[in-house]
Structure formats: structure tokens, C-alpha cells
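Colleague: Listed in order, the protein sequences are those of chains C and G.
Okay, so the first sequence: first residue is 1 according to my numbering, each after it adds one.
Okay, so the second sequence: first residue is 1 according to my numbering, each after it adds one.
Any given hint could turn out to be false.
Residues from chain C shown here face chain G by an in silico Cβ test under 10 Å; the list is partial [what the hints assert, rightly or not]:
| # | residue |
| --- | --- |
| 1 | Gly3 |
| 2 | Phe7 |
| 3 | Ile13 |
| 4 | Glu14 |
| 5 | Asn31 |
| 6 | Lys44 |
| 7 | Tyr74 |
| 8 | Ser95 |
| 9 | Pro98 |
| 10 | Gln104 |
| 11 | Pro108 |
What the hints contain is simulated information worked out from the structure, not anything from laboratory work.
No experiment lies behind these values; they were computed from the predicted model shown.
Note that CB positions come from ideal geometry on N, CA and C, so glycine has one too.
Listed here are the chains, written in short residue letters.
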Amino acid sequence: EAGVTQFPSHSVIEKGQTVTLRCDPISGHDNLYWYRRVMGKEIKFLLHFVKESKQDESGMPNNRFLAERTGGTYSTLKVQPAELEDSGVYFCASSQDPRVVETQYFGPGTRLLVL
Amino acid sequence: AQSVSQHNHHVILSEAASLELGCNYSYGGTVNLFWYVQYPGQHLQLLLKYFSGDPLVKGIKGFEAEFIKSKFSFNLRKPSVQWSDTAEYFCAPPKYSSASKIIFGSGTRLSIRP
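With the rest of the complex left out, here is chain C (with noise of 0.2 Å):
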């Protein structure tokens, strides 16, 4: 079984620029989240979709982030224009079951550098 992958695994752009990252969740799960790490700080929560509802965005942190999973399948999370405090680790993650915590499975992360 295929896991949650990310694309891209690297980005490095300037600031004002825009930047699409995508998360493809394990096939049937209808939960997904997005999470940030930036600059070797905590890992925080920006969303959870349910199929493509948005259940919880209380994470994200200004009008320049803004997920979509349209179709309920992958979700993109776009950026625009991006700030140097952009720059981190943006993780993904999957569920089947959102009651059950242990079940959410990562991705490898996009580490995103903003200059």
C-alpha cells in the first residue's frame, strides 16, 4: 500500500512568489491534515479536510495560504505571495478514522526555503 506522498520534496523560491504544494493521501482516506514546521520550531496544525470540506482551518496563519482538496482525493496547499517566515517544513498526513489519532500516517514533508 502506497503511503502519503508530497510533492515537491524541495522548493526553494523568492519572496513574492508563489508556490503549490501537493499531497496526495492514502488511497480511501478521507481525512487529511496539514501541518508546518517552521525553522526547527514546533510541528503546528494548519487544517483538516474531510473528503473536501474543511473541517478545522483554524491553524492556517494569514489570507496567503490557501488549501483546496478539490474531488476529496489529493489537496494542494498554496502559498502567495510567500514571506521569508514561510520557510520550513510543511508535513501532510492522512486517516481513515479522525477519532483515533494514531492512525493519522504521515508524508515525507516539502521543505520550503522562501529568500
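Could you slot chain G onto chain C? The hints should help.
Modeller: Just chain G now, kept in the frame of chain C:
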């Protein structure tokens, strides 16, 4: 609001040394506690978990953790570390009313000298 704190940012040990990584949390309600690990170049994965019952929890690869309610702690231990334990370790108590959001500690980087 709940929070979790990990006391050690970077720990360096020699092989065969004993390990204890601290984790303290600060909320009431139902306590479910987890330790996650990220080996170099690999995904975050669950190391061990505590839901209820025996406060001494056994995980994979010889790790264990003890939940001490009176101290709000869930420290990770291993009697004898190996070079392959080099990784970053995260303590994580989920939001007590929902398992849909993981709140991670700041992480402890463990380096093992061969």
C-alpha cells in the same frame, strides 16, 4: 489551552548509554499521550502511545514511557541506546475532545555517538 513542553532540544549520547527525554503537558481532561519519531530522511511515525491503564507503556525498538499524572509528565526512556536511535523525537498529546489535531512538542534531537 493545552500545551506540551520538551525540556531538551538536543541530546548527545554514546552507544549503550541510558536515555530519558522529558515531556510535560498542561491540561486536564482525558489524557492520551504519544511519542513520535522521525529518523533521518524518513516519515514521522508513532513510537508509542498511552490511553489508559498501566502507566508504563512499551513501544517499538525497546522504548518505553511512563505516564505520571501527578507530575503531568510522560517521559520517554530506553535503557541502552544504539546508533540507529539517532532521530528527532516529539511528544504529542492530542486535543482532549478530538483526535483530529495533533499538538506536538518542540522536539528533541537525539544524536548517538558510535
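Colleague: Does each hint hold? Answer for all of them.
Modeller: How the hints compare with the structure:
With a cut of 10 Å, the hint placing Gly3 (chain C) at the interface with chain G holds, because the nearest CB-to-CB distance is about 7 Å. Violation of the interface hint for Phe7 (chain C) is found here, the shortest Cβ-Cβ separation to chain G being roughly 15 Å, above the 10 Å cut-off. Below 10 Å, beta-carbon pairs count as interface contacts, and Ile13 (chain C) has none with chain G, the closest being about 23 Å; its hint is therefore violated. Against a cut-off of 10 Å between C-beta atoms, the interface hint on Glu14 (chain C) is violated, since the closest Cβ of chain G lies about 27 Å away.
Evaluation of the Asn31 (chain C) hint against chain G yields a held restraint, the C-beta minimum of about 7 Å falling below 10 Å. The interface hint given for Lys44 (chain C) is met, as the beta carbon of that residue sits about 8 Å from the closest beta carbon of chain G, less than 10 Å. Restraint check, Tyr74 (chain C) versus chain G: the minimum CB separation of about 17 Å is more than 10 Å; hint violated. Annotation: interface hint on Ser95 (chain C) holds; nearest CB of chain G at approximately 8 Å, less than 10 Å.
At its closest, the beta carbon of Pro98 (chain C) sits 4 Å from a beta carbon of chain G; the interface hint therefore holds under the 10 Å criterion. Evaluation of the Gln104 (chain C) hint against chain G yields a held restraint, the C-beta minimum of about 7 Å falling below 10 Å. Annotation: Pro108 (chain C) was flagged as interfacial toward chain G, and the flag holds, the nearest CB pair being 5 Å apart, inside 10 Å.
This entry does not satisfy hints 2, 3, 4 and 7, going by the numbered hints stated previously.
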